[in-house]
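**Student:** Next come the chains, spelled out residue by residue.
Protein chains: 2
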Amino acid sequence: MSGTKNKAVVLVSGGLDSATVLALATQDFETHALSFDYGQKHRSELVAAARVAKSMGAASHQSFNIDLRQFGGSALTDDSIAVPTMPTTGIPVTYVPARNTVFLSLALGLAETLAAQDLFIGVNAVDYSGYPDCRPEFIAAFENLANLATKIGIEGDKIRVHTPLISLTKAEIIGQGQRLGVDYAQTVSCYQATDEGAACRVCDSCRIRAQGFQDAGVDDPTLYVQ
Amino acid sequence: MSGTKNKAVVLVSGGLDSATVLALATQDFETHALSFDYGQKHRSELVAAARVAKSMGAASHQSFNIDLRQFGGSALTDDSIAVPTMPTTGIPVTYVPARNTVFLSLALGLAETLAAQDLFIGVNAVDYSGYPDCRPEFIAAFENLANLATKIGIEGDKIRVHTPLISLTKAEIIGQGQRLGVDYAQTVSCYQATDEGAACRVCDSCRIRAQGFQDAGVDDPTLYVQ
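Going line by line, the protein sequences match chains A and B. All residue numbers for the first sequence refer to my numbering, where the first residue is 1 and numbers rise by one. All residue numbers for the second sequence refer to my numbering, where the first residue is 1 and numbers rise by one.
Be aware that one or more of the hints could be misleading.
Treat identical chains as interchangeable: a pair holds within one or across any two.
Said to hold, decoys possible - Below, in silico cross-link-like pairs of lysine to any residue (SDA-like), each with a Cα-Cα straight-line distance of 25 Å or less:
no., residue 1, residue 2
1, K158, R43
2, K41, E143
3, K151, S167
4, K151, R207
5, K158, A140
6, K151, A140
7, K41, V202
8, K7, D67
9, K151, R69
10, K5, D215
11, K151, Y131
12, K5, G217
13, K41, N65
14, K41, P164
15, K151, Q70
16, K41, K151
17, K151, I66
18, K151, I166
19, K54, R179
20, K54, D157
21, K54, Q70
22, K151, E137
23, K151, A216
24, K41, Q70
25, K41, Q62
26, K41, A59
27, K41, E30
Since the hints were made in silico from the structure, they are not lab data.
Produce the complete structure using the sequences and hints provided.
**Tutor:** See below:
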C-alpha cells in the first residue's frame, strides 16, 4: 500500500500506448501492472513491459503466462502465418482470437484478488478501426460483464474499465506521454521485434508508431534494425 | 467435420454437470470439448474430462493450460486456503476469481479459431446461489460481449452461449443424463478428489452431488475414499 490511493490494475504490453496509460493511471492510483506472456513472437515487448512498469513506479508488475498458441489462428502467435508488412483491409491477421476479452478477464481476476475496482487498458482509435475488441462498445460490454461476474460487482462496489486513449490519435497519445515524461525509448511496439527490442519498421504497428511521432512533431526514439 | 452438424465448443470439467451438457450438445452439434488445467488441486477431474469427451464422441478434446494459481485467492487453487467441509454462507472460498469469465473468454477464442458460433457451459441453479459468475444475467452479459468482441459477432453471425442446466436442480440434471445414457461413474465432482478420482464425500461439491442422486432416486455410482 502506498498511502491513500486506490489500487488499479493496468494492462502493460511494453508498447507505446500502454506506457502512456500507465503514466496516466499513476497520477490517481496505486498501479499494479499486468503483462501477458502469451506466446507472442515479439518477446522483447515483455522485457520492455518490465522496464516501463519499474520506471513508472508501479507498485507491482506481473507477467502472466497464458500460451495462446494453444489455439493459433493469428500472425502474432502462429508460426505458419506471417506478420504482414504492407497495409491490409478488414480485420488484420495479427488479430488474436478473443485476446482482449481474455486479457481483461484475467485483469479482472487480478483486480478481484487485490480488491481493486479499476482496470486500465490502452485501446485507442487507431486500433479500433481494425480489431473488434478495441471498440468502445466492447469495453462498455466488458464493464457491464465485470460488474455481474465478481464478488466486488455484486456486493455493490462498481468496477470501472478506463480507456483514456480510446478517442486519441497516435500523435495525441504521444503528446500526452511527452507531457507526463514517458520515455518512449523504453517501449517496443513492433510485432516482430528482435530479442534486443529492435523494430522492423515495416509491420502495421511500426508504421503506425512512426507516423505518430512524425505527426506529433516528436523525434522518434525507436531502435530500428536498419 | 462430421456431416451437416454445426460445431460447438463445450466446456467439460470432468464433473457431473458438464458431462450432461456434453450429452445434450452432442444431440445437435459436432462437439469440441474444452477443459482447463488451471492448477486445480483436484487433478483427476482432468482425467475424467478426457474420459467423458471420448465416451461421448466429442470431435476433439483440448485441455488448455492456464495456471490460475498465478493469482491465488481461492481454496481450489491456493494451498494456503483449505477446501471447506461444512456448508458456508455467502460466496464460498472455493470461488476462483473471474474463473467463468476467463474460461468463457478462452472458449470464445477456440470458437473463433474453429469458426463455431455456439458455446455450452454447465452452470446451474445450485451453483448460482453462491457463485456470481453462474447467474443467468452473467451469461447474458457474456453473450452480449462475445458478439461485440469477435470477427464472427461483428460480421453478422450470432454467437450463442447455451446453458441447458441453468434452471435445473441437481436431481433434474441427473435425470436428463440418465435419459441420455451418461455414465456418471466416469465423472469426478469432488474439489479434493484423489489422483485416482476418489471423492472426499464432505466438500460442498460432494454433498450437493450425493444429495442429487438421492433426490433423483438414482444409485450413486461415485467412488468415495471411504
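**Student:** Hint by hint, which ones does this structure get wrong, listed from lowest number up?
**Tutor:** 1, 2, 10, 12, 14, 20, 23, 26 and 27
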